[in-house]
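The listed protein sequences derive, respectively, from chains A and B. Take the first sequence: its letters are residues 1411 to 1521, numbered as in this note's numbering. Take the second sequence: its letters are residues 8 to 118, numbered as in this note's numbering.
FYI, nobody ran anything at the bench for these hints, they're computed from the structure. Be a bit skeptical, because a hint or two may be false.
[Unchecked claim] Straight-line Cα separation of at most 30 angstroms, BS3-like style, residue types lysine-lysine; simulated pairs:
1) A/Lys1452 / B/Lys47
2) B/Lys29 / B/Lys48
3) B/Lys43 / B/Lys59
4) B/Lys48 / B/Lys78
5) B/Lys29 / A/Lys1508
6) B/Lys78 / B/Lys59
7) B/Lys74 / A/Lys1452
8) A/Lys1508 / B/Lys78
9) B/Lys26 / B/Lys59
10) A/Lys1411 / A/Lys1478
11) A/Lys1452 / B/Lys51
12) B/Lys74 / B/Lys59
13) A/Lys1411 / B/Lys43
14) A/Lys1452 / B/Lys26
15) B/Lys51 / B/Lys78
16) B/Lys51 / B/Lys74
17) B/Lys16 / A/Lys1452
18) A/Lys1508 / B/Lys43
19) B/Lys16 / B/Lys48
20) B/Lys26 / B/Lys47
21) B/Lys16 / A/Lys1508
22) A/Lys1508 / B/Lys59
23) A/Lys1452 / B/Lys48
In this text, all values refer to a predicted model and were calculated from it rather than measured experimentally.
For reference, the chains in residue letters:
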Amino acid sequence: KQEVTQIPAALSVPEGENLVLNCSFTDSAIYNLQWFRQDPGKGLTSLLLIQSSQREQTSGRLNASLDKSSGRSTLYIAASQPGDSATYLCAVTANDYKLSFGAGTTVTVRA
Amino acid sequence: DTAVSQTPKYLVTQMGNDKSIKCEQNLGHDTMYWYKQDSKKFLKIMFSYNNKELIINETVPNRFSPKSPDKAHLNLHINSLELGDSAVYFCASNHRGGELFFGEGSRLTVL
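Work out the full structure: start from the sequences and follow the hints.
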């Protein structure tokens, strides 16, 4: 059974600092990995999707890396802003398309 | 034009009542999901339908019954509501394990 872990559970940084969010998974036979953002009282918004054959994906200030062999993905957010405050979740899709979510990292960016 | 829409957004009801939450996606996806997010914010898969057929049915009380009239709709009916059913229920959809799109959530409060 795939287990997805996100550490730390919460993170607080001053504005302008780079954010590093970690996601680890136990079964490296994955189809893809996605990073989501959830604002309070809202649904999840997809940020980046990395296919199993890819090593990284970039969108604006966001960069996500994937190392399947070690079962890790990292989401980097450059030059953080207060608007980046949210909960970030990673989800791993298995080859049978079954999804497993991490518990999320709640980020606070202090102005 | 909302990609995944669910109604109602808020639902307050008494214990023992029966209620339904509706979900529609206009993305042409073949797979739809229901997730439950509890007070600790952990996302738990409940059901998954692929082309109107049930493919995932996690350990959920049989008071919960999903219905998919067509591949663009997945409704959730809950009988005999209990206090522990209070949560936010999210509908989501994707195609062949691809990017997952979520609705805004339906917050159910059972009194």
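Here's how the hints hold up against the structure:
Distance restraint check for A/Lys1452 and B/Lys47: the Cα-Cα separation of roughly 15 angstroms lies within the 30 angstroms cut-off, and the hinted pair is therefore satisfied. This hinted pair checks out: B/Lys29 and B/Lys48 have alpha carbons roughly 22 angstroms apart, not beyond 30 angstroms. Between B/Lys43 and B/Lys59, the direct Cα distance comes to roughly 20 angstroms. Compliance with the 30 angstroms bound is thereby established for this hinted pair. For the suggested pair B/Lys48 and B/Lys78, the alpha carbons sit about 28 angstroms apart, so the restraint of at most 30 angstroms is met.
Between B/Lys29 and A/Lys1508 the CA atoms are separated by roughly 23 angstroms; this keeps the pair inside 30 angstroms, and the hint holds. The straight-line distance between the Cα atoms of B/Lys78 and B/Lys59 is roughly 5 angstroms, inside the 30 angstroms bound, and the hint therefore holds. Of the pairs offered as hints, the one joining B/Lys74 and A/Lys1452 holds, with about 24 angstroms between alpha carbons and a cut-off of 30 angstroms not exceeded. Restraint check: the Cα-Cα separation between A/Lys1508 and B/Lys78 comes to about 18 angstroms, which is no more than 30 angstroms; the hinted pair holds.
Taken as a hint, the B/Lys26 and B/Lys59 pair is honoured in the structure, with Cα atoms around 21 angstroms apart against an allowance of 30 angstroms. With a CA separation close to 16 angstroms, the supplied pair A/Lys1411 and A/Lys1478 stays within the 30 angstroms bound. At most 30 angstroms may separate the alpha-carbon atoms for a hinted pair to count; A/Lys1452 and B/Lys51 meet this at roughly 16 angstroms. Restraint check: the Cα-Cα separation between B/Lys74 and B/Lys59 comes to about 8 angstroms, which is no more than 30 angstroms; the hinted pair holds.
Annotation: proposed proximity of A/Lys1411 to B/Lys43 holds, straight-line Cα distance about 20 angstroms (limit 30 angstroms). For a cut-off of 30 angstroms, the pair hint linking A/Lys1452 to B/Lys26 stands: about 21 angstroms separates their Cα positions. Taking the CA atoms of B/Lys51 and B/Lys78, the gap is near 22 angstroms; set against the 30 angstroms cutoff, the hint holds. Distance check on the hinted pair: B/Lys51 and B/Lys74 sit about 19 angstroms apart at the alpha-carbon level, within 30 angstroms; holds.
Between B/Lys16 and A/Lys1452 the alpha-carbon distance is near 10 angstroms, which keeps this suggested pair within the 30 angstroms criterion. Annotation: proposed proximity of A/Lys1508 to B/Lys43 holds, straight-line Cα distance about 16 angstroms (limit 30 angstroms). For the proposed pair B/Lys16 and B/Lys48, the alpha carbon gap of about 17 angstroms is at most 30 angstroms, so the pair holds. Simply put, B/Lys26 and B/Lys47 have alpha-carbon atoms about 23 angstroms apart, close enough for the 30 angstroms limit, and the pair holds.
Proximity of B/Lys16 to A/Lys1508 is assessed by CA-CA distance (about 26 angstroms); at most 30 angstroms being required, the pair is judged to hold. At most 30 angstroms may separate the alpha-carbon atoms for a hinted pair to count; A/Lys1508 and B/Lys59 meet this at roughly 17 angstroms. As the CA atoms of A/Lys1452 and B/Lys48 are separated by approximately 12 angstroms, the hinted pair is consistent with the 30 angstroms bound.
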